[in-house]
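Novice: Sequence:
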Amino acid sequence: MSNENAAVDAFETLGLTSYEAKVFIALHRLGAGTARDVADVTDVPRSQVYSVAESLEERGLLEVQQSNPIRYRPVGVDTARETLRTQFEREQDRAFEYVETVKNEPSCEETQEDIWTVRGHDRVTDRAVDLISAAEDRVLFGTRLPELVTDSIERTLVDRATAGVTVVVVSRTPGVHERVADHDDIAVAQPPAHRTDDQRSGRIVLADDDSILLSVLGGESGETAIWSSGSVFASVLIQLIEASDEMAIE
Numbered sequence: 001m002s003n004e005n006a007a008v009d010a011f012e013t014l015g016l017t018s019y020e021a022k023v024f025i026a027l028h029r030l031g032a033g034t035a036r037d038v039a040d041v042t043d044v045p046r047s048q049v050y051s052v053a054e055s056l057e058e059r060g061l062l063e064v065q066q067s068n069p070i071r072y073r074p075v076g077v078d079t080a081r082e083t084l085r086t087q088f089e090r091e092q093d094r095a096f097e098y099v100e101t102v103k104n105e106p107s108c109e110e111t112q113e114d115i116w117t118v119r120g121h122d123r124v125t126d127r128a129v130d131l132i133s134a135a136e137d138r139v140l141f142g143t144r145l146p147e148l149v150t151d152s153i154e155r156t157l158v159d160r161a162t163a164g165v166t167v168v169v170v171s172r173t174p175g176v177h178e179r180v181a182d183h184d185d186i187a188v189a190q191p192p193a194h195r196t197d198d199q200r201s202g203r204i205v206l207a208d209d210d211s212i213l214l215s216v217l218g219g220e221s222g223e224t225a226i227w228s229s230g231s232v233f234a235s236v237l238i239q240l241i242e243a244s245d246e247m248a249i250e
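Residues 1 to 250, numbered by my numbering, are exactly what the sequence shown covers, in order.
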């Protein structure tokens, strides 16, 4: 992709159309010019330049000289930057203000989605941290790979343990135990003897009695997890895991 095409894409992200971006860039290249001049240096048809220039004028991005033929001159780069920034922030505020008004409106749906999927190592880590940090009674964190005990997860486990939450780290890998070995408030445990390491297993988080995250490794995203919180599904699955693996956190 050329630098100009990248700039056009960036302007589109800021709210301009492709033609608006191309005309604006062309006028800065020319300094000033007529519709014919602009059409000669862009792929914007001359017939379209007039309406595009009118739109740019309304946005405060160019000035019009009422000559024959009409000439156009762009505003300075700093002025354009500030104008677009202000317009972008205004539209952003408008969008999110509307979201705030509707997010708590009662839904007409009778069912609620209890199970969510998250993909990518960083996003799985962020979700695990969210679930752990919300725990008020107990947390179990399990993994076979030391690198999956990220700094943010370690900090959050320590924080919860310091706050009086029961925290257990389950793994048969010494490197995982070493990540939390210096924290006396965190218990470490081995998984049940009948449980063998699965090379695709990633992380497990059980938080209180109603939040769970399970991840697997592989695929394009590197790591994929399902998670649920505050749902019957999460509560039942936690009970099944604890009953099956004898990993109940007392």
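Just so you know, these hints were derived from the structure itself, not from any lab.
As the structure is a prediction and not an experimental result, all values here were calculated from the model.
Built from N, CA and C at the ideal position, the CB exists for glycine as well.
Be a bit skeptical, because a hint or two may be false.
What the hints assert, rightly or not - Distance windows between CB atoms, simulated:
{"no.": "1", "residue 1": "Trp116", "residue 2": "Gln199", "range": "22 to 28 Å"}
{"no.": "2", "residue 1": "Ala189", "residue 2": "Glu89", "range": "34 to 40 Å"}
{"no.": "3", "residue 1": "Thr162", "residue 2": "Thr13", "range": "39 to 45 Å"}
{"no.": "4", "residue 1": "Tyr50", "residue 2": "Thr83", "range": "19 to 25 Å"}
{"no.": "5", "residue 1": "Arg123", "residue 2": "Glu89", "range": "35 to 41 Å"}
{"no.": "6", "residue 1": "Val232", "residue 2": "Ser55", "range": "25 to 31 Å"}
{"no.": "7", "residue 1": "Asn3", "residue 2": "Ala189", "range": "52 to 58 Å"}
{"no.": "8", "residue 1": "Glu136", "residue 2": "Val232", "range": "17 to 23 Å"}
{"no.": "9", "residue 1": "Thr117", "residue 2": "Glu154", "range": "22 to 28 Å"}
Novice: If a hint holds in the structure, say so; if it does not, say that too.
Specialist: Do the hints match the structure? See the list:
1. Trp116 / Gln199: 22 to 28 Å: Distance hint for tryptophan 116, glutamine 199 holds at roughly 25 Å.
2. Ala189 / Glu89: 34 to 40 Å: violated (50 Å)
3. Thr162 / Thr13: 39 to 45 Å: Since the Cβ atoms of threonine 162 and threonine 13 sit about 43 Å apart, the hinted range of 39 to 45 Å holds.
4. Tyr50 / Thr83: 19 to 25 Å: For threonine 83 against tyrosine 50, whose Cβ atoms are near 21 Å apart, the range 19 to 25 Å holds.
5. Arg123 / Glu89: 35 to 41 Å: violated (27 Å)
6. Val232 / Ser55: 25 to 31 Å: Check failed, 53 Å falls outside 25 to 31 Å.
7. Asn3 / Ala189: 52 to 58 Å: The hinted range 52 to 58 Å holds for asparagine 3 and alanine 189, with Cβ atoms some 56 Å apart.
8. Glu136 / Val232: 17 to 23 Å: About 19 Å separates the Cβ atoms of glutamate 136 and valine 232, which means 17 to 23 Å holds.
9. Thr117 / Glu154: 22 to 28 Å: Given a distance of about 25 Å, which is inside 22 to 28 Å, the answer is holds.
The structure is inconsistent with the numbered hints 2, 5, 6, although it conforms to all the rest.
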